[in-house]
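Going line by line, the protein sequences match chains A and B.
Okay, so the first sequence: first residue is 1 according to our numbering, each after it adds one.
Okay, so the second sequence: first residue is 1001 according to our numbering, each after it adds one.
What the hints contain is simulated information worked out from the structure, not anything from laboratory work.
Warning: the hint list may mix true and false statements.
[Said to hold, decoys possible] As a list, the in silico EDC-like pairs of lysine to aspartate or glutamate whose alpha-carbon atoms are at most 20 angstroms apart:
| id | chain 1 | residue 1 | chain 2 | residue 2 |
| --- | --- | --- | --- | --- |
| 1 | A | K191 | A | E233 |
| 2 | B | K1312 | B | E1219 |
| 3 | A | K330 | B | E1175 |
| 4 | A | K79 | A | E174 |
| 5 | A | K334 | B | E1175 |
| 6 | A | K330 | B | D1448 |
[Said to hold, decoys possible] Partner residues are not named here, just some residues of chain A that face chain B (Cβ under 10 angstroms, in silico):
| id | residue |
| --- | --- |
| 7 | P57 |
| 8 | D118 |
| 9 | R172 |
| 10 | G196 |
| 11 | I262 |
| 12 | A301 |
| 13 | P323 |
[Said to hold, decoys possible] Far from chain B, some chain A residues (derived; all Cβ distances over 10 angstroms):
| id | residue |
| --- | --- |
| 14 | Q12 |
| 15 | R37 |
| 16 | L53 |
| 17 | Y237 |
| 18 | D238 |
| 19 | Q243 |
| 20 | R312 |
The C-beta atom is built at its ideal place from N, Cα and C for all residues, glycine as well.
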Amino acid sequence: MRDQDISHNLQQQVIDAATSKRALHIVGGNNKSFYGRNISGGVLNVAEHRGILNHEPTELVITARAGTPLQAIEDQLSKHHQILGFEPPHFGNTATLGGTIACNFSGPRRAAAGSARDFMLGCKIINGKGEMLSFGGEVMKNVAGFDVSRLMCGALGTLGVLLEISVRVLPRPELELTLSQEMDAAHALAKLHALGRQALPISASVFDGLNLHIRLSGSAAAVNAAKAAIGGEQMQYDAVFWQQLREQQLPFFKHSQTLWRISVASNTPPLNLPGSWLYEWDGAQRWLFSDAPADVIRNVAALHGGHAVCFRAQHKPDQVFHPLESGMLKLQQKIKHAFDPAGIFNPGMMYTEI
Amino acid sequence: MSIERNQLIQSLLQILPEKSVLHTPEDMHPYECDGLSAYRKLPLVVVLPTTVEQVQDILRLCHSLEVPVVARGAGTGLSGGALPNEQGVLLGLGKFKQILEINAEQRTARVQPGVRNLAISQAVDSLGLYYAPDPSSQIACTIGGNVAENSGGVHCLKYGLTVHNIQQVKIVTMEGDLLTLGNSGLDSAGYDLLALFTGSEGLLGVIVEVTVKLLPKPERAQVVLAAFDDVVKAGAAVGNIIAAGIIPAGLEMMDKLAIKAAEDFVHAGYPVDAAAILLCELDGTNAEVSEYILRVRDILNQSGATEVRTAKDEQERMIFWKGRKSAFPAVGRISPDYYCMDGTIPRKQLPRVLETMDKWSKEYNLPVANVFHAGDGNLHPLILYDANKPGELERTEEFGGRILELCVEVGGTITGEHGVGMEKINQMCVQFQPAELEQFHAVKHAFDERGLLNPGKAVPTLHRCAEFGAMHVHHGKLSHPELERF
Ligand SMILES: Cc1cc2nc3c(=O)[nH]c(=O)nc-3n(C[C@H](O)[C@H](O)[C@H](O)COP(=O)(O)OP(=O)(O)OC[C@H]3O[C@@H](n4cnc5c(N)ncnc54)[C@H](O)[C@@H]3O)c2cc1C
Chain A
1 MRDQDISHNL QQQVIDAATS KRALHIVGGN NKSFYGRNIS GGVLNVAEHR GILNHEPTEL
61 VITARAGTPL QAIEDQLSKH HQILGFEPPH FGNTATLGGT IACNFSGPRR AAAGSARDFM
121 LGCKIINGKG EMLSFGGEVM KNVAGFDVSR LMCGALGTLG VLLEISVRVL PRPELELTLS
181 QEMDAAHALA KLHALGRQAL PISASVFDGL NLHIRLSGSA AAVNAAKAAI GGEQMQYDAV
241 FWQQLREQQL PFFKHSQTLW RISVASNTPP LNLPGSWLYE WDGAQRWLFS DAPADVIRNV
301 AALHGGHAVC FRAQHKPDQV FHPLESGMLK LQQKIKHAFD PAGIFNPGMM YTEI
Chain B
1001 MSIERNQLIQ SLLQILPEKS VLHTPEDMHP YECDGLSAYR KLPLVVVLPT TVEQVQDILR
1061 LCHSLEVPVV ARGAGTGLSG GALPNEQGVL LGLGKFKQIL EINAEQRTAR VQPGVRNLAI
1121 SQAVDSLGLY YAPDPSSQIA CTIGGNVAEN SGGVHCLKYG LTVHNIQQVK IVTMEGDLLT
1181 LGNSGLDSAG YDLLALFTGS EGLLGVIVEV TVKLLPKPER AQVVLAAFDD VVKAGAAVGN
1241 IIAAGIIPAG LEMMDKLAIK AAEDFVHAGY PVDAAAILLC ELDGTNAEVS EYILRVRDIL
1301 NQSGATEVRT AKDEQERMIF WKGRKSAFPA VGRISPDYYC MDGTIPRKQL PRVLETMDKW
1361 SKEYNLPVAN VFHAGDGNLH PLILYDANKP GELERTEEFG GRILELCVEV GGTITGEHGV
1421 GMEKINQMCV QFQPAELEQF HAVKHAFDER GLLNPGKAVP TLHRCAEFGA MHVHHGKLSH
1481 PELERF
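Please model the entire structure based on the sequences and the hints provided.
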């Protein structure tokens, strides 16, 4: 597929849908359809709106059309020894930048470097009135107007069609290596929290039920010094390991039960819920395969200051995302209305009311 | 005193003790302006609540009476964000000074909004932790003000802005409802209202509690000072450091006038003959810092530095930074008044922007001292003027306005960290199209239907833009030609 600008075509489709109050299902690479509530609606295909518009290595920023394959972005950055700091999962070959931002998907480096939202600098969108709007920009610091760009991250397209996206990028770390140690969950968490209080170049961690794996990234000097301080066995082929973790291709993820993503305070002790667990982000993101009822899982997550998402399931519960309390839901509905008054963008994908 | 004002004060006295309600001009005087002292107004009344319930009651009352409310932290803001509304209540959060909880394991601190930025780092110092965003005003400014402005500092190139360093905020809406944005994890359900709220300049709600993320103090920090005989070479050196894959903890630039002022003020040992200096801080493990210092020194030399100096000890490092952090007050000493701008530009545009500013400086006969968060392209030109000379403030504002418009023209923004407030409201019409401004108004409406929180700030009405456009015709183009003129 070639680079092209189909924004006016997309805009016309949005205007038509808004006029006739028809729902639109915004689709990029169509590889994340497992995520969110199932919806219907005329497909608005953004994948053809693609192409890298600007990459300024010394300004640490890249701008691309939303339909640009994530792979193309990463290839371009790689030429200049740069990376997307949030290390997004692709979940298939067709992943687009827009879809990744709309889901706010972030990978192993998230706890150390930040999420997709943290790297977001600016965007161009079509709102529900069919207006093309730009927010933020290509500079690191920009506080003119409300931060609409970051609001788009994780909004699942329900507030607008992402057309162009600018994100901050990072230099590729000089050296990365992974250390593994056998222990149980409680010790793994305790170890991560003790290490977290020292300034160490830890860029990712995962506890897979048997082993705690810690990835170090940075200058050779820093990584080697930290390696001695942390201890454990150095993993072979660790780049593949982290990629498989990110893409949910490790043996842990081969499971038929419902997969929950539980986001809680990192120092939450191992939770008393049945199923198999994998811990990331120093304990702040936990994957759980379980048949336990949704509300049981959600109550436990909420008790620890967090929330639970039904990430993948054969039979999704009606509420895929953590229900909002009434005051918050009301406010979020008003935000939705502010961007999409006719309620045409991915209605119901996040919540029935949104 | 009008009857309505009297009634308002009487109603407020039902919520607050007498000492927390200030209404005489003398008592209200300290609240008439923020750090942008060229703009001054007295509110109807100043209230200084001490509990969240009081804040809720005050907002409910003002909501029912349709009285505007302006929140205020320490009043160090530089864009008139906390400038009182003459028809409204000024809500001071200065009494909310408690650090509520420090969680060393999770590396967070839960604090009240009136806690000073630096007080957080001081409180967790013994745990080996700190709060990274460090605006130069950090001894005075409050965390509530920092969240409202999405403040930065000299270390945000590596550690991010306020938005990257907070986890949860509790707000009271104009209707008096208490809401929690964010949670104890790294993300929360629904829309990311924490991100949307950060930097909203007191227009969407009143912050009553903030949970900040803390970082472990690096093993070592070291700073290199480089002198240049040409500002453009110094700018290029910044790009060269980044291109080498190094993200310094801080990367700051000052030009001749700023160097001179800072040196006279704090005696940091700056090379006063230089056209520009760069301060480049590296932090991390001991070995890493040593390695990077050598690499950065090489890059600086290759970029044409006339002198490269590494701080010889911690004391010298601190004094190098003190010079930079006190650049504003230092400039305040050499000129009766100064006007601080805050545009951000793509760094490669630096030569063009500096040259143009230099030309305009001569045209307006107003000197400019430049202090620059060079790593992230955030410029702080300080225009020196004398408010007592008739017409000089107006000329300064016009010059400043042109600088901001230039920033937009080269692909940047009118404000990197100080906010729009009252000051840059007209330039918002240059940076944004009418439909974008309308989208901002729609967001504001979602939080504050009656438009009572900090009205008239941050986002201009389209009418205001039309008026502004009528006065300023730029490059022969009328902005917003679609709007009716008055
Ligand atoms: C010498 C000097 C140096 C500075 N250096 C920097 C710098 O390096 N980086 C930087 O980013 N800024 C800098 N500033 C600007 C200023 O210090 C920051 O904007 C700071 O965050 C303001 O905090 P404050 O408590 O003084 O807020 P105020 O000035 O009182 O208020 C600022 C805005 O926030 C709103 N607000 C305040 N508290 C609340 C609340 N609780 N709830 C809702 N809204 C609220 C106000 O309505 C207003 O719009 C500097 C200022 C000075 C004077």
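So which of the earlier hints does this model not fit?
none
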